[in-house]
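Build the full structure now, drawing on both the sequences and the hints.
Each chain is listed here by its residues.
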Amino acid sequence: MHNDNTRLTQEIIRASGVNPSKCMKCGKCSATCPAYDEMEYHPHQFVYMVESGDLEPLMNSKSLYKCLSCFACIDRCPRGVEPAKLVEAVRFAVIRQQGADHMTPDDVPAKLNEDIPQQAIVSAFRKYRK
Amino acid sequence: MQRIGVFVCWCGSNIAGTVDVHTVAEALKSEPGVVFSTDYQYMCSQAGQDIIKNAIKEHNLTGIVVCSCSPRMHEATFRKTAAAAGINPYMVEIANIREQCSWVHKDMQTGTEKAIILGKAAVAKVNLNTPLTPGESPVTKRALVIGGGIAGIQTALDIADAGFPVDIVETKPTIGGKMAQLDKTFPTLDCAACILTPKMVDVAQNENIRIFSYSEVQEIKGFVGNFDVTIKKRARFVKEEICTGCGACVEKCPMKKIPNEFNLGMDNRHAIYIPFAQAVPKVATIDPNACNMLKKGKCGICSKVCSAGAIDYTQKDEFISEKYGAIVVATGFNPISMEKFDEYAYSQSKDVITSLEFERLTNAAGPTAGKLLRPSDLKHPHTIVFVQCVGSRCAACAEKGKEYCSKICCMYTAKHAMLVRDKYPDTEVYVFYIDVRTPGKNFDEFYRRAVEEYGVKYVKGMVGKVTPEGDKLKVQASDLIANKQLHIDADLVVLAAAIEPDKSARPLATMLTASMDTNDFFTEAHPKLRPVESPTAGVFLSGACQGPKDIPETVSQASAAASKVIGLLVKDKLTGNPCVASPNELMCNGCSTCERVCPYGAITYEDKEFMMPDRSKAIRRVAQVNPAVCQGCGACTVACMSGAMDLRGFMGSQIIAEVDAICK
Amino acid sequence: MQVNEYKPLIVAFCCNWCSYAGADLAGNNRLAYPADVKIIRVPCSCRVNPMFILRAFQRGADGVIICGCHPGDCHYTSGNYYTRRRMALLFSMLDYLGIERERTRLEWVSAAEGAKFAATMNDFVEKVTALGENKRLEDLRCKR
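Protein chains in written order, with our numbering: chain L, 1 to 130; chain R, 1 to 664; chain B, 1 to 144.
FYI, nobody ran anything at the bench for these hints, they're computed from the structure.
Hints should not be assumed to be uniformly reliable.
[Unchecked claim] Within a straight-line C-alpha distance of at most 35 Å, the following computed DSBU-like cross-link-like pairs (lysine-lysine) qualify: (1) L:Lys25 - R:Lys257; (2) L:Lys85 - R:Lys465; (3) B:Lys135 - R:Lys664; (4) R:Lys350 - R:Lys257; (5) R:Lys474 - R:Lys184; (6) R:Lys232 - L:Lys85; (7) R:Lys304 - R:Lys379; (8) L:Lys66 - R:Lys484; (9) B:Lys135 - R:Lys106; (10) R:Lys184 - R:Lys617.
[To be verified] Just so you have them, the derived chain B footprint on chain R, three or more residues with Cβ under 8 Å: (11) 112-125; (12) 605-613; (13) 624-635.
Everything numeric in this text was worked out from a predicted model, so none of it was measured.
Each residue gets a CB set at the ideal place from its N, CA and C atoms; glycine is no exception.
Laid out in structure tokens, this is it:
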């Protein structure tokens, strides 16, 4: 499978620190994912799409924002692939493409909302503050 | 000074085609020590060997250099020739002027020049050669088998059949191992007990076999052919020779709420117990942690009911010392602990069980007498979920799982699933798999039968979590082919736990100086060509202690190990390789570095008395190499800081002489 | 015309079980490599004392290569691991002394890799030839 976005793929792999070729396609990430039914592309597909450079449908998909960053997939992946980190890196790539929509500590209070898991904000802050 | 004869072989035109053999022979004539030099068409032929023999006699040669093919080809031949003519076979060196000269160079001049240099190097080495005699050591004609599972049983039976005495040391009160706990065996579905227990009886009745049950190896000293082993026979508080195994004591014992290890704690046993009906030896054992008489001095019922008078509350651990010629390790495996896999709720629900527990649940001699009832409420389960690769192929965290494939789980899970569907067709059976691995005779056919004939639902995907809810287990899993997340209300979840080497293997390996891999499996001497020998001479491997194995593989390895042991024990004396390390005691400073690098444990330290320069006497700690154990790798020679350690046949001075000859 | 006639002197230490057999296989398959390579047989690559290598350079060798079994395949289980560590240290020390890295090499050649043996030797001789004569460690008392 050849795609022109090799550089972007490499950038996502670099930024996430995830090696998608460690994935042995067991599907435990998707089995464990609480947001599975909300997603068009599921965690195991995320990993495979990054591995094969099939980024465009992924980046255009709402699935990216359905990930709760609960990290269950990271905890349970038997190969240490860490799919959630990959999701965050792809989200980040989308934001970068749209033009550096960064998050500063000052933005955090405005985003606090009882319905949003705090973890999601912490997670987003970690990625977008740079 | 040596008197060296040089013999240059033409090898027909193989050498003579690219190397001017006459010139080589002439050139080497003037090398120091050389008193005779000649060339001949085929040195390895009878006529060629006669030339060497005659020259040895005629010229009183003390060393031989043959410029010919690779030493891997004919070194042994020419050594024999030399020995036949009365000189030490290790006074022969080969200059490889065929494979490493005439065959790889095209030009006559370069070929000849290189051949001369190679010849010179060989001459330089022979000048420093010393006659070597291989050491001999006697062989104790008795074998020790550590572990009494199917691997140990098979090895012991085979060795005993060849007429050698064998001792089996087993930590449990009975031999039989894991196989005794199994219900049926794949892929033939014959019952494990039906094929194992006759073998256990054979062991008990074989005159050549002694069983040390409820015992462990305490200490191992010595080396191949001459191991000194101390065996600790734990007190079982029952006189083994007298006990008839009638079981009267067990029936009357008031302490009956002790978790039964044989049934993996799924039912209870008494404080005095016989693990199972076909145990060998069929002798009762008192659990000292549970017995009231041993703990508080009150009770003593068993000794009252024992008509044979076999109960002895004062029994002490006994230590037995015995000599062995060979040791077979057959310590086997255990399923790993499931406690750390929180997502499967193993610790939360009694109805999440391991496959070994499932074996006991379906076994006619098990806690439910063979009826498939779930542990929590003893109801018949209608939906069963099997999860494969739990802890296997798990590279993420070492404290949880194992990186390797446990090999046997795919097949036993297929067996379990098939047996459930066969006995209880109303049960829905799911198997979640990553890959189904079935390489083996009739294995894939077996797995396909489970799917096609028995209707087991194989789902490509993993179970993500199991949540106990009411009397159900909510199973959340992925189906990767349908790209769906499944939610199943299961009654029973069976985890195919990874297997790991028994915990006793690591300390045992240290005692044996046998090497292990990072997973604590024993390493074999060569992964392909010497799969049943440990790199430590005289130590052999049988069964799952070397890697995950099913029963047929275990039995073949067990028999292979036995044949290797028999091959060792039939010898009266072991002839070693004379090219072994030897220390110069005067130079040794006792630092122990060599001892640490030796992969075979051949080096020990000894306090010896030496005469000092001022004629006083002093005790110094010096290295000693056991030539029967040393394999001659030379690791110690380089590690030695004082230069005391040298390798016979490849001495430092000899190799330097070769370097000098080449660089001249 | 004789300008390019410089012939380096290469000493190769080969372990008996893998690399020496690999060299034999190169011979069996008639895979040519320069005659400048002279092989010394040792039981295991871990028998190669750094002294031997220093001696070779002292005596005017232009390059020294050590060949052993692949990691994990050592006939003596762990010998080549010792070699790997020792040579890592030695080579960096030699580099410090002015013996270029290209003049020393540690290579894993199995008994089945005759082609690799020949290719390795060809490459090594080429690299050393490009560097020219080694004079750094040469002991003038034992000049060729």
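Here is how each hint holds up against the structure:
Our distance criterion of 35 Å between C-alpha atoms is broken by L:Lys25 and R:Lys257, whose separation comes to about 45 Å. Between L:Lys85 and R:Lys465 the alpha-carbon distance is near 21 Å, which keeps this suggested pair within the 35 Å criterion. Taking the CA atoms of B:Lys135 and R:Lys664, the gap is near 15 Å; set against the 35 Å cutoff, the hint holds. Straight-line distance between C-alpha atoms of R:Lys350 and R:Lys257 comes to about 18 Å, which keeps the hinted pair within the 35 Å bound.
Of the supplied pair hints, the one linking R:Lys474 and R:Lys184 holds, its CA atoms being roughly 29 Å apart against a limit of 35 Å. The hinted pair formed by R:Lys232 and L:Lys85 fails the criterion: a straight-line CA distance of about 54 Å is larger than 35 Å. The hinted pair formed by R:Lys304 and R:Lys379 fails the criterion: a straight-line CA distance of about 40 Å is larger than 35 Å. A hinted pair counts as satisfied when its Cα atoms are at most 35 Å apart, and L:Lys66 with R:Lys484 qualifies at roughly 16 Å.
Distance restraint check for B:Lys135 and R:Lys106: the Cα-Cα separation of roughly 30 Å lies within the 35 Å cut-off, and the hinted pair is therefore satisfied. Our distance criterion of 35 Å between C-alpha atoms is broken by R:Lys184 and R:Lys617, whose separation comes to about 70 Å. By the rule of at least three residues with a Cβ nearer than 8 Å to a Cβ of chain B, the coverage given for the stretch 112-125 of chain R holds, with 5 such residues. Here the stretch 605-613 of chain R counts 0 residues with a CB under 8 Å from a CB of chain B, which misses the bar of 3, and the coverage is violated.
Counting residues of the stretch 624-635 of chain R whose beta carbon lies closer than 8 Å to any beta carbon of chain B gives 5, which reaches the threshold of three, so the coverage claim holds.
The structure fails to meet hints 1, 6, 7, 10, 12 from the earlier list, while all remaining hints are met.
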